[in-house]
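Peer 1: Sequence:
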Amino acid sequence: MPPKIGKLLSVSQPPQYTQHTMTFDTTDEFLASVADQDWSGEEEFSSTQDGDSDPLAAQVFEDQWDSLRKKIHKRRLKETAADVFGDSASKGGVYRWGVAVASGQAPNEVQQVLSRLACDRKVSAKRIAEAELSQASRLLGETLSGGQTTVLDSAEAVMWAAALPRLIEYLDANDWWRLLGALQEYRDACLRRNSATPHYLIGGGELGMVISNRLPDLPSCHRLQKSSIDAVSRWLENEEDSISQAITGVTDGRLVLASLCRYRVWLENTTRRKFKRQQRRVAADLATWVASQVRRGGSSVFSSATSADCKDDFANHGLFEVAISFNEKMLAPAFESSLGKTKVKGRMAWEVDLPESMLHCEDARTASLLPRWDVNRGRMHIDYSGNETVLEIQAGKSTIVSGPIQTMIEIDGDAQEASAGWVTTCEYSDDEVHYLELEQPWTGGIVVQRQFLQIREDRSVMIADSVLPSQSLYSSDSYEVIDLPAHGIKHLLRLPTAQNVTITADESTREVTLDSQRPEVLVLPLDAGEWRASPSPASLRGTEDGHLVLSSTGNGCLFAPIWMDFQRRRFQRKRTWRQLTVADELRIVPRGEAVGYRIQFGSEQWIVYRSLHGRRPRTVMGKHFIVEFFCGRFNMGDGSIEDLVTVDDSEADES
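472 is the number that full-length UniProt numbering gives to position 472 of the sequence shown; each next residue is one higher, with no gaps.
Hint data in this document are derived by calculation from the structure and do not stem from the laboratory.
Careful: at least some of the hints might be erroneous.
Estimated spans, in silico, between C-beta atoms of each pair [stated by the list, open to error]: (1) Thr306 x Gly386: 19 to 27 Å; (2) Glu417 x Gly602: 41 to 49 Å; (3) Asp649 x Glu268: 47 to 55 Å; (4) Gly386 x Gly146: 37 to 45 Å; (5) Arg192 x Gly386: 23 to 31 Å; (6) Ser304 x Met408: 24 to 32 Å.
With a Cα cut of at most 27 Å, we get these calculated DSSO-like pairs of lysine-lysine [to be verified]: (7) Lys329 x Lys341; (8) Lys122 x Lys70; (9) Lys91 x Lys311; (10) Lys91 x Lys126; (11) Lys311 x Lys122; (12) Lys91 x Lys78; (13) Lys276 x Lys311; (14) Lys122 x Lys91; (15) Lys311 x Lys329; (16) Lys226 x Lys78; (17) Lys274 x Lys341; (18) Lys311 x Lys397; (19) Lys122 x Lys71; (20) Lys276 x Lys341; (21) Lys126 x Lys74; (22) Lys226 x Lys74; (23) Lys274 x Lys78; (24) Lys490 x Lys574; (25) Lys91 x Lys71; (26) Lys397 x Lys329; (27) Lys226 x Lys274; (28) Lys71 x Lys311; (29) Lys623 x Lys574; (30) Lys74 x Lys91; (31) Lys276 x Lys329; (32) Lys91 x Lys70; (33) Lys276 x Lys226; (34) Lys341 x Lys311; (35) Lys122 x Lys78; (36) Lys91 x Lys341; (37) Lys311 x Lys126.
Built from N, CA and C at the ideal position, the CB exists for glycine as well.
Construct the entire structure; sequences and hints are all you get.
Peer 2: Next comes the structure, spelled out in structure tokens:
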């Protein structure tokens, strides 16, 4: 019977063969035999019954293995990666797209070597030796068989598969066949996953496509192409579900986009098929998310990778340039804006083609709030997929806020904690503002509502927490306020500043400046008294570990807002903020029921109102409100207030 080649329990032992080993007249017969074996087993090659090896059979196998190597080598020279990917294959960059963002660092030495081998680039003997490819291939097999693989693991599997024709020069027969078997087994496992997952696309779809095209002489590899095409088609058919899973956690989005880009090139270069309109639209939607999450310089939000680490993504013929082809009219200005390459001439016509400037996915629990697509105008990114909200805010060239927002709450001296994750309760976007409101249940019978307000042209941001009882604050059929126990509330919000940001507190007022080589943001604690010498229910300070800490106290309910001004031309103006009197039928409303604030920078003023207890008609600065939240601009000339955003919870109740 023909030799059975499978995984080795110990590669230190030389392969042994039966005395009845069958020889083959041609290499094709040999390939057809060995390629259809079960590579997932743990057997050794094939041993004699009495433990003696057959030197003749071993020599026959060596000759046929050598023939296989020559055949794969010949095909590799005939069909190179450059023929498929063009200039994107230069230095192997096409297989490193998204790796730095996902790993948080530059591609490691093994990834560098593999990506170059995958693209048929020259690699020095020294680098090959330092990469220790034999050991790395075994570690990969252990990882892929472990069950708990990451999206990056799937992308690395594709890298190994693409390098198989070159690895036949550096791995012995045992390691090479074992690697191929591990990759095929992993592909089968990925195809058993939900068809909307990134693993299904990369590990089930692209991986099979790569194996079938890089090793077409092996029958078990060649026949993977059709099922791989079907797998990618199913992933694209899921549309929003697939995109939401791709962008969950943010840092895997580029890996998924890179997989789609490479797969499309394989598809159109090796078959007569092309991406359908619906498939291009899904890919373009994912590319839009990736573009919105680009930092100035080319790195990604929520990733510790630097711009230099991510150079393969934004280089000429890199990921961004290739992804633009899914919808060049929309994506070209989007990626150019994200990289700070905003046009001056013809700017208005150029901006018409840009995507919407607020992106929010409730399933992925992530949002990008862009004043404009021009990255120089700053950006705000929110990831609320965990119990802590992760926030990143950029001001032009600098990242100002980066990391999880930590919240601590005490009710009557007892510490409370979150009892579930965040959910969206309200979102709104127009030419003036982007607004997102989240809610999270806590122990102690309370909920926390967190508001993110971005006033786009004014370059101002408000971040606020409301601590409210979880019960309804008003009866459903009247405006009557329900009496609530006046529990004492202590609230602490820790906002993480980015590296190289300095927190400077003003000596006389409670305002704080965030500096990154120059003043970038003025932060005002609206519920705190302006002057440090005056008593205040709230305070704002910086810590040695780089956090901006807002401390607030209240009774019954509590509102803890901070106002952030990113417009540097206003920094030299006289400024102030005040707590406003809120009236309800000639009664002055306490802070635990409703609050109002006025913020002023020179002649520019804004009004903020927040109802905490009951849906009641109230008056602030002569304006009547029956709403949950309001923010507007105050016109000093005629005393009018321009509505920027109004949140009325009665609309949600009626729906």
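Peer 1: What hints, given by number in increasing order, does this structure fail?
Peer 2: 4, 13, 17, 20, 24 and 28
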